[in-house]
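Residue numbers (the numbering used here), protein chains in the order written: chain A, 1 to 216; chain B, 1 to 216; chain C, 1 to 227; chain D, 1 to 227.
For the record, the hints were derived by calculation from the structure and aren't laboratory data.
Glycine included, every Cβ here is placed at the ideal spot set by N, Cα and C.
Just so you know, not all the hints are guaranteed correct.
[Unchecked claim] Computed list of lysine-lysine pairs in DSS-like fashion (alpha-carbon distance at most 25 Å, straight line):
no.	chain 1	residue 1	chain 2	residue 2
1	C	K170	C	K25
2	D	K113	C	K170
3	A	K210	A	K76
4	C	K117	C	K127
5	B	K29	D	K151
6	D	K28	B	K60
7	A	K210	C	K28
[Stated by the list, open to error] DEER-style ranges, computed between Cβ atoms:
no.	chain 1	residue 1	chain 2	residue 2	range
8	C	T91	B	S22	17 to 23 Å
9	A	C71	C	A226	41 to 47 Å
10	B	A25	C	S69	18 to 24 Å
[What the hints assert, rightly or not] Far from chain C, some chain D residues (derived; all Cβ distances over 12 Å):
no.	residue
11	D2
12	F141
13	G153
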Amino acid sequence: MVEFNAKKVAEVHQHLHSHLPSDSALRVKALETLLVEKGLINPESIDAWIEAYTEDIGPKRGAHIVAKAWCDPDFKQRLVQDAPSAIDELDYLGNATGHLKVIENTASVHNLVVCTLCSCYPFSILGIAPAWYKAEAYRSRAVRDPRGVLAEFGVQISDDIEVRVWDSTAELRYLVLPQRPSDTEALGEDELASLVTRNSMIGTDRELVKKDEVKV
Amino acid sequence: MVEFNAKKVAEVHQHLHSHLPSDSALRVKALETLLVEKGLINPESIDAWIEAYTEDIGPKRGAHIVAKAWCDPDFKQRLVQDAPSAIDELDYLGNATGHLKVIENTASVHNLVVCTLCSCYPFSILGIAPAWYKAEAYRSRAVRDPRGVLAEFGVQISDDIEVRVWDSTAELRYLVLPQRPSDTEALGEDELASLVTRNSMIGTDRELVKKDEVKV
Amino acid sequence: MDGIHDVGGKQGYGAIDVDEVDLYKTGKAFHHDWEAREWGISRCARTPDITIDWWRHCRELIAPVDYLSRPYFDTWAQTDFATYIDGGFFTLDEVCSGHSNSDNNPFDEVPPKPMSKADAVIADSQKAFRFDAVINDQPIFTIGDRVITNKHGHSGHTRLPQYARNCIGKIHALNGAHVFPDLSAQGKQTHQHLYSVVFETGELWPDTANKHDKVFLDLWESYLCAK
Amino acid sequence: MDGIHDVGGKQGYGAIDVDEVDLYKTGKAFHHDWEAREWGISRCARTPDITIDWWRHCRELIAPVDYLSRPYFDTWAQTDFATYIDGGFFTLDEVCSGHSNSDNNPFDEVPPKPMSKADAVIADSQKAFRFDAVINDQPIFTIGDRVITNKHGHSGHTRLPQYARNCIGKIHALNGAHVFPDLSAQGKQTHQHLYSVVFETGELWPDTANKHDKVFLDLWESYLCAK
């Protein structure tokens, strides 16, 4: 049974540091081998999960949610009030989105999401997080210098726009609802979804543009 | 001229990380080569400083100070009141001891010295610091769990003894004056000095013993 | 735990890799195959009794240099090893040798059946865990209340970051009562009211450029006092 | 700077190498020859205008993984490279190539004459630098005064560690006015009264075993307020 023994685990990490292979691929291979030998895991199921998160579950789900919210005011209202129920309508409720919150960008507000303590992320609607989201550079700076971080991503935020940073310290997860790009009244949900960048749903992108426009 | 440009230096460190050889010996060799080629340094002088800190300047100076303080109450008084002047009598005043303080262990007080922000050390009387003194394990724990640190060094401190930790955050430097071992009335200064361990002058050793006694 | 993981506001970590390719645009989700394997392992391994908070704490306990220098999913694998050892599923000897030393299956059942991609997609939807519960205690604070966060953490797992300690904020939202991570990391399930608390950046960093930008944190009731 | 160097009270750094041999007992001072070379270089290099605080700040600016994983004197060498580049003595190209690109000696004089060991011992005694000065301002605090430390640091070099911020202590000693490191690291020499301040460990770490043990820090006047 689990001992919850932090002192022991710290020592175990020292042993692992010395005895595990240094190469990450070999480490993970060793983990898989042991789990399979112990009958704790079926390797085909690992394949299935990889395929699921490569082909089905990913930021296109998030983009669909955003586009639908742009097109359907009732859905948007449900989304902002109770995001888990709203995304469940699309069968997108899942891993790490049981307490999802949707935060809306406006002309006067920009939202940015981070997890300073680990790298919490709304997996079932955005898939695997980008490496920068999990790196110390982003995690350390997003809460202290969000405008500097945004500038590094090429996003200039004027002084009259309020920046709101959301540090995911609990089991709540955040999806930024970016502003609908101008001049897109004629587009349908699918076309709109194709304009939604992953970064815009984290908050490191702001001004979305129509496909035929060149972003300056 | 020196620019005091922190942003630039942070970037320089990134370049150095990428371009300097990984091997420490090669890095230092590269530094020496450039300094010599620029005429900023004479390699024979490097040898001289190494010899000085190997043969002349080191913890035997500190031990001499301690032994003299045990034997000479007037010297001890001067040492506690104005340590730089007192050690200057022995020609030990030097690098990093211009603002030396001597802190005395008693039956009811134990002193421990650390530098949490870098690794400040009274070079001219203790020489080169041990590696553990400069390592994060010691620096992080000495101020938070001094008794745990002392226990790790084999020093048990009873609850009625007050532990005082000195974090060298300024240019003051600290030398612990350990208690004279019992049963040493017959010993002279040189014999006494040989009983003084380096760790006892940092505070990670407490009970000094006569040479013929086996330490439990 | 005042550990290396608590990086919010820490300085010196350099530039962000803003040029990283959005892999999903190229039809991929992972930079390396081993990352994909680790992700899959983490999704389908059966680890009874492990709480998410205990797993997070085990990751925080990785030595600082390893925590900072090893790739992200590599630290997941190391955390898995550690939790399996702590849970009695693996011995350290088995990990070092790379093979199981016994036929002892810790489960009575037969090894799990293989899943298809469709099974995985369905299983993912069943992982929409909720951490809230109805408790008898009424929330102490209400929206708009001024609060001050605790000055100190403790040696165990906690979710009040160092940068937001002893800071004054305002209750932005009530989120019901959620599992309290500090005790969950010790295997004890209790619930406390969870608040979204808003801080002006000027309160957190006096030398910030835009003092009226906001930082929101989700904080449990015992992290807060009325101010 | 809330940098990686500020390790006081941080957790997870593991065991201390208490079995390290006391090298001086074996007639040596250094574990490796290159450490000795770096020490010698640091003793006799001529680096006008560099302040100790600027040099320390340059060491703090080393990337966290390098700071934690490279040997101590190796980080001295890297800091030397950085300060020589910042000071215009080396170019980055020269450092990368390992050789001087020009005959330009930044000094007008001829290269320094060699020193003997005896010269070095005498020179060391001349390095008993003092950092204090007489200033017009009287000290604000006197022995026994209760003070509270600043809640915040800043992005530059400072010598108020994170663990001792916003903590109540007592003035233990006055040490005269000393060069103020925060400005000295920017090349500006000013002096402030420097106090030794004593804190009960219970004030710093509420979960400590012996709350009445003491921690002493040497802190400048502008780090402190009356309490």
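Outcome of the hint check:
1. Note on K170 of chain C and K25 of chain C: the hinted pairing is violated, with a Cα-Cα distance of about 40 Å set against a maximum of 25 Å.
2. Proposed proximity of K113 of chain D and K170 of chain C is contradicted: the alpha carbons are some 67 Å apart, above 25 Å.
3. Between K210 of chain A and K76 of chain A the CA atoms are separated by roughly 21 Å; this keeps the pair inside 25 Å, and the hint holds.
4. Restraint check for K117 of chain C and K127 of chain C: satisfied, since their Cα atoms lie roughly 15 Å apart, inside the 25 Å limit.
5. Annotation: proposed proximity of K29 of chain B to K151 of chain D is violated, straight-line Cα distance about 43 Å (limit 25 Å).
6. The straight-line distance between the Cα atoms of K28 of chain D and K60 of chain B is roughly 12 Å, inside the 25 Å bound, and the hint therefore holds.
7. Simply put, K210 of chain A and K28 of chain C have alpha-carbon atoms about 24 Å apart, close enough for the 25 Å limit, and the pair holds.
8. Between T91 of chain C and S22 of chain B, the C-beta spacing of about 35 Å breaks the proposed range 17 to 23 Å.
9. As the Cβ distance of C71 of chain A to A226 of chain C is approximately 44 Å, the hint placing it in 41 to 47 Å holds.
10. Evaluation of the 18 to 24 Å hint for A25 of chain B and S69 of chain C yields a pass: the beta carbon distance comes to about 22 Å.
11. Once the 12 Å rule is applied to beta carbons, D2 of chain D is inconsistent with being away from chain C; the minimum gap is 5 Å.
12. No Cβ of chain C approaches the Cβ of F141 of chain D within 12 Å, the least distance being about 23 Å, so the stated non-interface status holds.
13. Consistency note on G153 of chain D: stated as away from chain C, yet its beta-carbon is not over 12 Å from all of that chain's, at 9 Å minimum.
In summary, the structure is inconsistent with hints 1, 2, 5, 8, 11 and 13 from the numbered list given earlier, while agreeing with the others.
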